[in-house]
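Protein chains: 2
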Amino acid sequence: MRHYHGGKPLMAFDEALQRLLDATQPIDRTECVPLTGCVDRVLAKPVVAPFDVPPFDRATMDGYAVRASDIAKASAENPTTLKVVGAIYAGDAPPSWAIEAGTCAQIATGAPLPLGADCVVPFEDTQRDGELVRVLKAHPVGANITPRGLDVRSGTVVLNEGTLLTPAKVGVLAALGFDHACVYAKPRIAILPTGNEVARPGTPLRNGQIYDTNTYTVAALAQRHGCEPLTMEIVPDEEEALRRALREALEGADCVVFSAGSAVGERDLLPKLLGERGKVLFHGLAVRPGRPTLAAVVDGKLVVNLPGFPTSCLMMALVLLVPVWRKMARLPRWQPPTIQATLTHEVRSPEGLRQFLTVRLKNWDEGRGARGEEIIAESAYKESGTITSLSDADGFIVIPEEVTHLPAGTPVAVTPLD
Amino acid sequence: MRHYHGGKPLMAFDEALQRLLDATQPIDRTECVPLTGCVDRVLAKPVVAPFDVPPFDRATMDGYAVRASDIAKASAENPTTLKVVGAIYAGDAPPSWAIEAGTCAQIATGAPLPLGADCVVPFEDTQRDGELVRVLKAHPVGANITPRGLDVRSGTVVLNEGTLLTPAKVGVLAALGFDHACVYAKPRIAILPTGNEVARPGTPLRNGQIYDTNTYTVAALAQRHGCEPLTMEIVPDEEEALRRALREALEGADCVVFSAGSAVGERDLLPKLLGERGKVLFHGLAVRPGRPTLAAVVDGKLVVNLPGFPTSCLMMALVLLVPVWRKMARLPRWQPPTIQATLTHEVRSPEGLRQFLTVRLKNWDEGRGARGEEIIAESAYKESGTITSLSDADGFIVIPEEVTHLPAGTPVAVTPLD
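Residue numbers (our numbering), protein chains in the order written: chain A, 4 to 421; chain B, 4 to 421.
Source of the hints: derived by calculation from the structure; they are not laboratory data.
A hint or two may mislead.
[Stated by the list, open to error] Straight-line C-alpha distance at most 27 Å; calculated DSSO-like pairs for lysine-lysine: (1) A/Lys-330 <-> B/Lys-76; (2) B/Lys-11 <-> A/Lys-140; (3) A/Lys-275 <-> A/Lys-11; (4) B/Lys-76 <-> B/Lys-86; (5) A/Lys-385 <-> B/Lys-48; (6) B/Lys-11 <-> B/Lys-304; (7) A/Lys-365 <-> A/Lys-385; (8) B/Lys-86 <-> A/Lys-48; (9) A/Lys-365 <-> B/Lys-330; (10) A/Lys-330 <-> A/Lys-48; (11) B/Lys-86 <-> A/Lys-140; (12) A/Lys-385 <-> B/Lys-330; (13) B/Lys-385 <-> A/Lys-365; (14) A/Lys-11 <-> B/Lys-140; (15) A/Lys-304 <-> A/Lys-330; (16) B/Lys-304 <-> B/Lys-48; (17) A/Lys-282 <-> A/Lys-11; (18) B/Lys-48 <-> B/Lys-86; (19) B/Lys-365 <-> B/Lys-330; (20) A/Lys-48 <-> B/Lys-304; (21) A/Lys-304 <-> A/Lys-275.
All chains, please: the whole structure from these sequences, using the hints.
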């Protein structure tokens, strides 16, 4: 069955997403951020070790730095006695003096090995007696030492360009002495609510108005997926205002997201404007909700008009824009684990449309998983315009285009809506 | 087999974690944050709807607002003719005039219903002719209208205290007109590197020194789990310096994390200091790596001394502190999905110790999952002190206390290290 929007056939979801991804360029802008603010950012340059790590031969045990040849015959029955000529602690520079035959130095874990020594005998294999120490066990050359450069050799590429900076990778930068990281900038997403009936939260609501919801859901989602949202003024349903708002948004942003008001006029104004200013990728999707979604490329940048209804808007942002934003931000694909549940009632879905149905879960605790019993999914859908279809939902299920009926008891995979 | 640390038996991991959790208080401090900065925060007060949503009866279709009784007999063969007395757009206030019998008003989706009207006839069921419109189909009372308060009734608790503000829940706050949210403060985690051999990244490295890594890995992890890291000055291995640093950290933080240097002295200084100032929960864990981990409660706050080696430190932070921090921050438990892989070589593990082994994965793409073939896990462990044990790792496996040998080919569940 074919479906239409404004007289034109709807585009299949998969093709629409592919067109969006094909039109998406990973960001090239870079910036330098302090190490305490670079987790979850993406490296824009390879990281090359500027020195050997560790930068010196160091002890891995507390004990005595010795020449291995001196203690080759040491045993509990036949200890080798050495003269202790000094002590070296972690943080000390390697001493100017050397370990000569028959001598040794007390050494702490992490301390640099003195010249001449090639092995560390742990305390438990020794007996101290004033300036002398008896070694009770032989140890080979290199024992209990991390040689300089074992971990990383100077000049080695330790992290590649494009690496996602997890806490562990941030640690690598620190270990190499970097206090900043050169990372890709976060893509800037301009978010423009449109419609004469839309009011900014925190301002009084005039009669006939509703509050702008979509700016905040879309901004929160963009933040979560490596982007920087730019919240813009509400745009009235007038051609000149839309034209000006689009121009300003394109100046500062890498991607522009309008959320439609529910007025008639603007539905015609924005497609017309985007058609004039750039290339329309699609207008009208074979999905529910989200049918009126529109996307275009203007001045080389993606411009998307999401539906005005809060649930439709957030759902389309989640399934269409998150993949696009993550490609822009050079983040790995987002694949949240799904929750296996059983549908508690039947669901009908129109043939030829892909439906994204918000559901509530029972016998399921966030962060804990199942509570012993079978997890139950039931529709959280109330009406397109409601916010409770969102606030009551734990996740959503995807009903493919060819499926028209899910009987009660159908096992479903629920994607968490968080 | 029992293991010892400093002559005392080691504590089992599960008991240590339980002691930490038992000593952890969820945070009570609250703060007010703007709506654009509240995603992933936790509501500190229930959200009550201050008005009905929608705040007026509104049209859900473009068409004509009519009295249902006027068009009860309308059909294509026998249209009912009504006089159009006005037009109402989204954002208009409800008009001062009313729909009398025999009249109607053009209305846009989202616009408020005029007085007297109780139903909306969509355009496709009408024919316009100047000031008149012919209605071709009957519609019942309430058709194509969202009645005031259908979504949320004024006075209803819409979001409970303790709710995690996902993008959808942020939208609920916006729809109710709130431009700020009252949320729990982020727990402040003071992070103090100790050791005379430790230098701050970005400063020159003196001979015998290494760069502080643990501040940055622990801070990044804390940020990811809803906390605010406070990075502190490096503390030298001196009793008075440690005492002063602890006092200052306890003043500003909800939880204090020392990372040990590798010097001998401080291993004794901190346990002594914490024993004097508070109650030690454990010192010495039956784990690998992380054996010297120490935890105490001082002035009602958790103070933890993590091992100095970067891999040990991050691993202990991940498995011991993340659950604690999330409880403090009132976040749901963290259960990252594991990756099923096959161990490529045998691994031995000491009886009685729980081992956390970092591994590299093959045939696995972050964000894409398996690449067709079987996913292979191989040890990324090089040596305790190395950072490449971390930078080369994709995740870790947990080897239980009673398991001493995993043969090559063992299926393992890998927790991603990201």
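Query raised in the report: Do the alpha carbons of A/Lys-48 and B/Lys-304 lie within 27 Å of each other, as the hint requires?
Result: Violated, at roughly 41 Å.
Requested in this report: For the pair supplied as a hint, B/Lys-365 and B/Lys-330, confirm whether the alpha-carbon distance does not exceed 27 Å.
Outcome: Violated, at roughly 34 Å.
Query raised in the report: Hey, A/Lys-275 versus A/Lys-11, does the alpha-carbon distance stay inside 27 Å?
Result: Roughly 15 Å separates the two Cα atoms, so the pair holds.
Query raised in the report: Has the given pair, A/Lys-365 with B/Lys-330, been kept, meaning a C-alpha gap of at most 27 Å?
Result: Measuring from Cα to Cα gives roughly 23 Å; hence the hint holds.
Query - A/Lys-282 paired with A/Lys-11 [C-alpha distance capped at 27 Å] - result: Given that 27 Å is the threshold and the Cα spacing comes to 17 Å, the pair holds.
Query raised in the report: Would the pair B/Lys-385 and A/Lys-365 pass a check requiring their Cα atoms to be no farther apart than 27 Å?
Result: Violated: B/Lys-385 and A/Lys-365 sit about 46 Å apart, past 27 Å.
Query - Satisfaction of hint between B/Lys-48 and B/Lys-304, Cα-Cα up to 27 Å - result: At roughly 25 Å apart (the allowed maximum being 27 Å), B/Lys-48 and B/Lys-304 satisfy the hint.
Query raised in the report: Between A/Lys-365 and A/Lys-385, is the straight-line Cα distance small enough, at 27 Å or below?
Result: 18 Å, holds
Query raised in the report: Holds or violated: A/Lys-385 with B/Lys-48, Cα cutoff 27 Å?
Result: Holds - the C-alpha atoms of B/Lys-48 and A/Lys-385 are around 26 Å apart, at most 27 Å.
Query raised in the report: Regarding the pair B/Lys-86 and A/Lys-48, is the alpha-carbon distance no greater than 27 Å?
Result: Judged against 27 Å, a Cα distance of about 70 Å means the pair is violated.
Query raised in the report: Is A/Lys-11 close enough to B/Lys-140, meaning Cα to Cα at most 27 Å?
Result: Answer holds: A/Lys-11 to B/Lys-140 is near 26 Å, not above 27 Å.
Query raised in the report: Going straight from one Cα to the other, do B/Lys-76 and B/Lys-86 come out at no more than 27 Å?
Result: With Cα atoms ~17 Å apart, B/Lys-76 and B/Lys-86 stay inside 27 Å; holds.
Hint violations for this structure: numbers 1, 8, 11, 12, 13, 18, 19, 20, all remaining hints satisfied.
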